[in-house]
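**Q** For the protein sequence lines, the chains are A and B, in the order given.
Just so it is clear: in the first sequence, position 74 is 74 by the working numbering, and no numbers are missing.
Just so it is clear: in the second sequence, position 142 is 142 by the working numbering, and no numbers are missing.
None of these hints come from the bench; they were simulated from the model.
A couple of the hints might just be wrong.
To be verified - Simulated crosslink set (DSS-like; lysine-lysine; CA at most 30 Å straight-line): (1) Lys255/A with Lys414/A; (2) Lys47/A with Lys47/B; (3) Lys72/A with Lys344/B; (4) Lys372/B with Lys72/A; (5) Lys372/A with Lys414/A; (6) Lys192/A with Lys157/A; (7) Lys344/B with Lys372/B; (8) Lys192/B with Lys157/B; (9) Lys72/A with Lys48/B; (10) Lys372/B with Lys414/B; (11) Lys157/A with Lys372/A; (12) Lys72/B with Lys35/A; (13) Lys372/A with Lys47/A; (14) Lys48/A with Lys344/B; (15) Lys348/B with Lys414/B; (16) Lys372/B with Lys348/B; (17) Lys344/B with Lys47/B; (18) Lys348/B with Lys72/A; (19) Lys373/B with Lys48/B.
2 protein chains.
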Amino acid sequence: MNGPVTDNARLLERRYRLLGAGAPLFYDEPVHIVKGEGVWLYDADGKKYLDVYNNVPNVGHCHPHVVEALYKQSQTLNVHTRYLHELVLEYAERLTGLHDDPLAMAFIVCTGSEANEIALRMARRHTGKQGIICTNHTYHGNTAAVDELSSIFHNGKAPGPNVKTVPFPETYRPLNGLAGETLADACAGEVKQAIDEFEAEGIGFAGMLICSIFANEGLPDVPHGYMEKAMGHVREAGGLYIADEVQGGFARTGKRMWGYQTSGVTPDIATMGKPMGNGHPVGGVVARADLVNEFREHVMYFNTFGGNPVQCAVGMAVLDVLERENLQENALTVGNYTMQGLWKLQDKYDLIGDVRGHGLFIGVELVTDREKKTAAAEETRLIVNRMKDRGVLLSNIGVYGNVLKMRPPLPFSKDNADLLLSTLDDVLATV
Amino acid sequence: MNGPVTDNARLLERRYRLLGAGAPLFYDEPVHIVKGEGVWLYDADGKKYLDVYNNVPNVGHCHPHVVEALYKQSQTLNVHTRYLHELVLEYAERLTGLHDDPLAMAFIVCTGSEANEIALRMARRHTGKQGIICTNHTYHGNTAAVDELSSIFHNGKAPGPNVKTVPFPETYRPLNGLAGETLADACAGEVKQAIDEFEAEGIGFAGMLICSIFANEGLPDVPHGYMEKAMGHVREAGGLYIADEVQGGFARTGKRMWGYQTSGVTPDIATMGKPMGNGHPVGGVVARADLVNEFREHVMYFNTFGGNPVQCAVGMAVLDVLERENLQENALTVGNYTMQGLWKLQDKYDLIGDVRGHGLFIGVELVTDREKKTAAAEETRLIVNRMKDRGVLLSNIGVYGNVLKMRPPLPFSKDNADLLLSTLDDVLATV
Chain A
1 MNGPVTDNAR
11 LLERRYRLLG
21 AGAPLFYDEP
31 VHIVKGEGVW
41 LYDADGKKYL
51 DVYNNVPNVG
61 HCHPHVVEAL
71 YKQSQTLNVH
81 TRYLHELVLE
91 YAERLTGLHD
101 DPLAMAFIVC
111 TGSEANEIAL
121 RMARRHTGKQ
131 GIICTNHTYH
141 GNTAAVDELS
151 SIFHNGKAPG
161 PNVKTVPFPE
171 TYRPLNGLAG
181 ETLADACAGE
191 VKQAIDEFEA
201 EGIGFAGMLI
211 CSIFANEGLP
221 DVPHGYMEKA
231 MGHVREAGGL
241 YIADEVQGGF
251 ARTGKRMWGY
261 QTSGVTPDIA
271 TMGKPMGNGH
281 PVGGVVARAD
291 LVNEFREHVM
301 YFNTFGGNPV
311 QCAVGMAVLD
321 VLERENLQEN
331 ALTVGNYTMQ
341 GLWKLQDKYD
351 LIGDVRGHGL
361 FIGVELVTDR
371 EKKTAAAEET
381 RLIVNRMKDR
391 GVLLSNIGVY
401 GNVLKMRPPL
411 PFSKDNADLL
421 LSTLDDVLAT
431 V
Chain B
1 MNGPVTDNAR
11 LLERRYRLLG
21 AGAPLFYDEP
31 VHIVKGEGVW
41 LYDADGKKYL
51 DVYNNVPNVG
61 HCHPHVVEAL
71 YKQSQTLNVH
81 TRYLHELVLE
91 YAERLTGLHD
101 DPLAMAFIVC
111 TGSEANEIAL
121 RMARRHTGKQ
131 GIICTNHTYH
141 GNTAAVDELS
151 SIFHNGKAPG
161 PNVKTVPFPE
171 TYRPLNGLAG
181 ETLADACAGE
191 VKQAIDEFEA
201 EGIGFAGMLI
211 CSIFANEGLP
221 DVPHGYMEKA
231 MGHVREAGGL
241 YIADEVQGGF
251 ARTGKRMWGY
261 QTSGVTPDIA
271 TMGKPMGNGH
281 PVGGVVARAD
291 LVNEFREHVM
301 YFNTFGGNPV
311 QCAVGMAVLD
321 VLERENLQEN
331 ALTVGNYTMQ
341 GLWKLQDKYD
351 LIGDVRGHGL
361 FIGVELVTDR
371 EKKTAAAEET
381 RLIVNRMKDR
391 GVLLSNIGVY
401 GNVLKMRPPL
411 PFSKDNADLL
421 LSTLDDVLAT
431 V
């Protein structure tokens, strides 16, 4: 029998040969996961890991209600939407019903990238202009048009002429050292400036696409009033506000169903992905009816797998579980409980510079100097790997890679939070 | 109890309200399909249809082996590829093993659009140039970059500067009335000319992306020698040949596993989609190892659902069924049998101008004048709708929409072919 090291070496060799050495992997020593259940993952040696990372299995790994819905519909019919079927309508109705009022029509697609592609095509067609604004540390997907916006992997390389980035809004490292209303004005002013530049360059302004909770940016606390001001500029210029709910959506914030609802500004288009099918490839777009009708009138958009009965059965089952198990309330309660525990650890460890987030999406920013806010990137890497060794899976985000990313499946309990907190306490003591 | 008309009217009203009136539907009076099994689809009234259209359920609607594999793996683990897992490696190994030799590395993604996006990004990065050649009547997907190539829905609008179209090769309506080697030279010469124009314009030439059996073009018989000559020009100019196997792949042609193998020219990159997961959203790319390694070195490409254990279990199960049920051989045998029956109908009905195809992918071109080859578009529409009324589902393709498209699930039997042929005989008699 091979031990785990040999097994992993063998798997890595095959992986490099078949997928390429550059195919991304987590951890200095990757884990070989073979089983998932609820908030738990298990490796090939039977070692159990608390999953504090994965938002795709939003209602818990391999949730029976979702798996049974998948199975049942897969046995019955799995075909495209050019025939009539009830399920795509029921799902679209339920989904738009969960969104704020003007978002009344839906596209069901397969991935968040495909959803953002539609949003960009719709915004550019509606305005007849090309310019898209995004933040300076974000990711919106892997296709060419959305990759242009995904500054997080561009190593500082400037985007093409049709994309401009603005500094993301944050209070922890505020723009020009400002605070309060002045900070919100200044951050929103960056949006205004980018719009003006697009217009001056003859490219014109189509819209602003942001993650509604700025997840890849490091989950910043946003200056109060920023969203109203920034989107005020966007709309004054005739542009569209597109909210990417791939990370912030489906009850994760605990407060509301969608990330954009935490700011009180309703987008013109919202895009969805990761948690939508609990692992089954499902993405979606909801938008103002006039925008969808206009797009549909001019563009023959068809998505082979998008909206098929299996996707919709799975999507419905995910929503069932969110409701039946009160997972939004759980996200709020356990999220706040976890946050309180992290604040206690902040009192104990100088390394913790900031703790912030929404519901069960929490960022813990690590700094070697609280005054200077010096990013503790190497310490963050060490902690992420040591947490893994001790059976707790998390990751890191942020401009400096120094923010611990905690984004567990939503059935995460207070007991799970206690295990996360005590393990983190132990690991912080070793750094 | 509501009758079917009322039901459909109700479904259409909801559909227009939730998805938009422009969301595409088949047939003048759409069908409400609720169940699928093998080569059969059933509507809400229990009416049975022979499916002569769908290549997504390639091994048959709701095939139990595929459904059970989906169910089993969904109960066990469904998570991304940044942890190690055997299945993505086994599937990548099996898939690359089925392709011609230099195509040794794989990406597993969710859709054909995502696969073609990778191919374009890879070709443009490898060459450092932007120009892509495609045919003048094709479709390669729904994202912005591949939509640029999808002339089929552009109503004659010219593509952007980075895309040039060439006339697709065909013998039925040959370029400039040429024939034989001269025709092949002339068609390939169009490719050479597009390459030269890209270079002269300073855009440069990155590659040529084609469906390896020119499906949307109407499944033309390709002038002998065309592929060697055209791809000779492509490679001489340092460009890449990208074969889109979304329609031609997975044994459909009967002769070989992949469409490109029917021409004898191996591509640098092949992309896959529709039939790959029998309805489960799976797409893929196989390519030369040097191309993948180069891309992976410079681009952080990650696909959330791509390559997850459930996708791979389903993909493996589809390949199992193809092998166990000898579906490639069946595609050849029954495809040839169907073709013979269609030739007999051609003797009987002047409307049938040409019958052509590969295995279980057959095009029947309808013309009102065999000499002038006048496209019988309206008759084609009538026949497609009347076939549907009589319980046989097919569609139409081609520049003039006058080619009956026959592309059934591969377990299509001679009995099924007899039903198709006799129904078509009856319907042709009514036109």
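**Q** So, for every hint listed, does it hold in this structure?
**A** A quick look at each hint next to the structure:
no. : hint                   : result
1   : Lys255/A with Lys414/A : holds (18 Å)
2   : Lys47/A with Lys47/B   : violated (52 Å)
3   : Lys72/A with Lys344/B  : violated (43 Å)
4   : Lys372/B with Lys72/A  : violated (52 Å)
5   : Lys372/A with Lys414/A : violated (34 Å)
6   : Lys192/A with Lys157/A : holds (22 Å)
7   : Lys344/B with Lys372/B : holds (21 Å)
8   : Lys192/B with Lys157/B : holds (22 Å)
9   : Lys72/A with Lys48/B   : holds (21 Å)
10  : Lys372/B with Lys414/B : violated (34 Å)
11  : Lys157/A with Lys372/A : holds (27 Å)
12  : Lys72/B with Lys35/A   : holds (12 Å)
13  : Lys372/A with Lys47/A  : violated (40 Å)
14  : Lys48/A with Lys344/B  : violated (66 Å)
15  : Lys348/B with Lys414/B : holds (21 Å)
16  : Lys372/B with Lys348/B : holds (19 Å)
17  : Lys344/B with Lys47/B  : holds (29 Å)
18  : Lys348/B with Lys72/A  : violated (46 Å)
19  : Lys373/B with Lys48/B  : violated (35 Å)
Checked against the numbered hints listed earlier, the structure breaks hints 2, 3, 4, 5, 10, 13, 14, 18 and 19; every other hint is satisfied.
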